[in-house]
Amino acid sequence: MKSYTASKKTPYFFIAPAILLLILFSIFPIFVALVISFTDIDLAGLADWTTISFVGIENYKEVVKDPIFLKSIFNTLFYVVFGVPLVIICSLGIALLINFGKSRIFKAFRVVFYMPSITNVVAVAVVWTYLYNPNLGLFNYILNLLHLPSVPWLQDPVMAKVSLIALALWRAIGVNMIIFLAALQGIPKTYYEAAQLDGANGWKQLTKITLPLLRYAIFFVSITTMIGWLQFFEEPFVITNGGPLDSTTSVALFIYRNGFQLSNFGYAAAGSFILFIAIIIITMVQFKFQNKNTDY
Amino acid sequence: MKTNIMERPTKPLHKPEANPERKSKAQQWLVGIILAIGGLLVAIPFIWMILSAFKTESEVVQIPPTLFPNEFTMENFQNLFKNMNFSVYLKNTIVIVLWSFVGLFLNAMAGYAFAKFEFRGREKLFYLVLATMMIPGQVTMIPVYLILNEMNLTNTMAGIVLPSLVGAFGIFLFRQFMSTIPDELLEAARLDGASELRVFVQIVLPMSKPIIAVQGILTFIAGWNSFLWPLIIANDESLYTLSVGLSLLKGQYGGNFALQMAGSTFMVVPIILIFILFQKHIIDGYTISGMK
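Protein chains in written order, with UniProt numbering: chain A, 1 to 296; chain B, 1 to 292.
Here chain A stands alone, though its shape is the one from the complex (with noise of 0.2 Å):
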């Protein structure tokens, strides 16, 4: 009988950090963020709490009107509608690239493309902003040998957008080529044997069986490397810190700026709320679309 008693509790013994670490740094600081989304709070708030005020929506309506946010939107956008479809089709072209040869040379390609996604952000931004150096980088130095003008990489608000994503891509092919693999190599052989048999050339099965049977894949890598790029916040930080004329401040650099170098605390929360909103929207959307199409 005591033994029973023991074992009851015993669970709990053991999912109690994990659970209270949980609570107190995701579940409690939504609630938080809601709160102080309403209020004023700033430097001088954190220190005596009766110099916060409450506010209403104040906070969410002038958000909306700050023409740094809405630039941020913009550029979140930006690399959102270029960045997800050239992740998707870089990894996965690597990922069929990969699969489609025979002998073990092909394993070490796996090792090669993953490497990006593994090593410290902020050492990349640093070999790469020498890369783009417009004068001693090793890319205008290729681009002049070929005889081509030099590129302004990150001095131009366009191009700047377009070399963060560059990078974005590098350290993102890994993970997704990965679970693409993964994918691929559960596909059944009998299904390719029945297809050569009927004579399909291979295009054909790329087409009608590999692509159709990935779409489970293909939705998954969508729908986290789009969240990915909604709150992509590292790159542009540590590489542009948002420059030239916040041409890339995206929205969670928007937001990490506003909260700790103003300490605009209350400002900031009403931002990352309209961030978390449009993220879950988003994600249903997809998931809808999805189910719309899953009749075979």
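Treat the hints with caution; some may be incorrect.
Facing chain B, according to a computed beta carbon distance under 10 Å, are these residues of chain A, among others [unchecked claim]:
1) 14
2) 106
3) 109
4) 112
5) 202
6) 203
7) 206
8) 211
9) 212
10) 219
11) 281
12) 283
13) 287
14) 289
Sample of chain A residues facing chain B (criterion: CB under 8 Å; computed from the structure) [claimed, not checked]:
15) 46
16) 78
17) 94
18) 101
19) 113
20) 123
21) 128
22) 130
23) 134
24) 136
25) 138
26) 140
27) 238
28) 269
Simulated coverage check for chain A against chain B, where a stretch passes if three residues somewhere in it have a Cβ under 8 Å from a Cβ of chain B [stated by the list, open to error]:
29) 24-34
30) 226-235
31) 245-256
32) 259-268
33) 274-280
Read the hints as simulated data drawn from the structure, not as lab findings.
Glycine included, every Cβ here is placed at the ideal spot set by N, Cα and C.
Starting from the known structure of chain A, fit chain B onto it as the hints suggest.
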């Protein structure tokens, strides 16, 4: 010409046998070459980083640039420790990595309970855990800072470590793996009088080696790379991690690319070595964890 035409009817008989094989071999080579070129492009930043780290400061700004260092120097690496506090940053980073292994243990404990015990609220609590995966970092960033501030933990190591100590994804993966451990084994140990903690440490953990290997490596990489939270919480340079120190270096020595490349190499090469050593575990880990 004439003989050619005459021979034609016989050729198709050979074709289906010899040609597809040669064609597929050519295709294999083509794909291999495409991947090799792609792989080289992907590796260029790393190659350039490592080569530049051993060049002198004047050689790095030289035009046209040299591929291999003319004068092989370790001076940049020495400068990291002499002029910058890289030894302090390295120590802090290692402390964070060690703490994150404590977090790994807590994740394993929670995953074990969710996998192997029946208790009230199990389903609900597990959904709660999964729900935390969907909360974007930007939303919790400011409130977590305020909470830590209330707990007087800003500018402390505890404040840097605690918020990311446990993670829903880790708990989820441990639960998935540990639910395959047979109940009979645990029961037998309990009948032999082993305490619950002992069952966990001496039976469950050794049986979960594959998932611990994957999680351990990923935990190490995440701890080694931790950047944003140390940046927010640490005001004192004595608490900076390698990545925070490196971003400081980028600001202070913006023009000294050789030094910057040395700092980056110092951060990246250990991770690359660990990754190459254990890559089989990591890459296969995605298949273990059923991410198909």
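So, going through the hints one by one against the coordinates:
Taking 10 Å as the C-beta contact cut-off toward chain B, the hint placing residue 14 (chain A) at the interface holds, the least distance being around 4 Å. The closest approach between the C-beta of residue 106 (chain A) and any C-beta of chain B is roughly 7 Å, which is under the 10 Å cut-off, so the hint is satisfied. Because the beta carbon of residue 109 (chain A) sits about 5 Å from the nearest beta carbon in chain B, less than 10 Å, this interface hint is met. The closest approach between the C-beta of residue 112 (chain A) and any C-beta of chain B is roughly 4 Å, which is under the 10 Å cut-off, so the hint is satisfied.
The restraint placing residue 202 (chain A) at the interface with chain B holds, with a minimum CB-CB distance near 8 Å, inside the 10 Å limit. Against a cut-off of 10 Å between C-beta atoms, the interface hint on residue 203 (chain A) is violated, since the closest Cβ of chain B lies about 13 Å away. Annotation: interface hint on residue 206 (chain A) violated; nearest CB of chain B at approximately 13 Å, more than 10 Å. The beta carbon of residue 211 (chain A) is not positioned within 10 Å of any beta carbon in chain B (closest approach about 16 Å), and the interface hint is therefore violated.
For residue 212 (chain A), the interface hint is violated, since its Cβ never comes within 10 Å of a Cβ in chain B; the closest pair sits about 15 Å apart. With its C-beta approaching chain B no nearer than about 13 Å, residue 219 (chain A) sits outside the 10 Å limit, and its interface hint is violated. Checking residue 281 (chain A) against chain B by beta carbon gives a least distance of about 13 Å; that is not within 10 Å, so the hint is violated. Checking residue 283 (chain A) against chain B by beta carbon gives a least distance of about 8 Å; that is within 10 Å, so the hint holds.
At about 12 Å, the closest approach between the beta carbon of residue 287 (chain A) and any beta carbon in chain B exceeds 10 Å, and the interface hint on this residue is violated. Interface hint status for residue 289 (chain A): violated, as the beta-carbon distance to the closest one in chain B is roughly 18 Å, over 10 Å. Given hint, residue 46 (chain A) at the interface with chain B, holds; its Cβ is 6 Å from that chain's nearest Cβ, closer than 8 Å. About 18 Å separates the beta-carbon of residue 78 (chain A) from the nearest beta-carbon of chain B, more than 8 Å, and the hint is not met.
Annotation: residue 94 (chain A) was flagged as interfacial toward chain B, and the flag holds, the nearest CB pair being 7 Å apart, inside 8 Å. A cut of 8 Å between beta carbons decides the hint on residue 101 (chain A): the least distance to chain B is about 6 Å, and the hint holds. For residue 113 (chain A), the shortest C-beta to C-beta distance to chain B is roughly 6 Å, which falls under 8 Å, so the interface hint holds. A cut of 8 Å between beta carbons decides the hint on residue 123 (chain A): the least distance to chain B is about 4 Å, and the hint holds.
Residue-level restraint check for residue 128 (chain A) holds (minimum Cβ-Cβ distance to chain B is 6 Å; threshold 8 Å). Nearest Cβ of chain B to the Cβ of residue 130 (chain A): about 5 Å, under the 8 Å cut. The hint holds. Proximity of residue 134 (chain A) to chain B is violated relative to the hint, the smallest CB-CB distance being about 12 Å (cut-off 8 Å). Because the closest C-beta pair between residue 136 (chain A) and chain B is about 6 Å apart, less than 8 Å, the hint holds.
Below 8 Å, beta-carbon pairs count as interface contacts, and residue 138 (chain A) has one with chain B at about 6 Å; its hint therefore holds. Annotation: interface hint on residue 140 (chain A) violated; nearest CB of chain B at approximately 10 Å, more than 8 Å. A hinted interface residue such as residue 238 (chain A) counts as satisfied when its beta carbon comes closer than 8 Å to some beta carbon of chain B; here the least separation is about 6 Å, so the hint holds. Taking 8 Å as the C-beta contact cut-off toward chain B, the hint placing residue 269 (chain A) at the interface holds, the least distance being around 6 Å.
Judged by the Cβ-Cβ criterion of 8 Å, the stretch 24-34 of chain A is covered by chain B as claimed, because 9 of its residues qualify and three suffice. Coverage of the stretch 226-235 of chain A by chain B holds [criterion: at least 3 residues with CB-CB distance below 8 Å; count 5]. Counting residues of the stretch 245-256 of chain A whose C-beta sits closer than 8 Å to any C-beta of chain B gives 4, which meets the bar of three, so the coverage hint holds. Counting residues of the stretch 259-268 of chain A whose CB lies closer than 8 Å to any CB of chain B gives 4, so the stated coverage by that chain holds, three being the minimum.
Only residues whose C-beta sits within less than 8 Å of a C-beta in chain B count toward coverage, and the stretch 274-280 of chain A has 3 of them, enough to reach three; the restraint holds.
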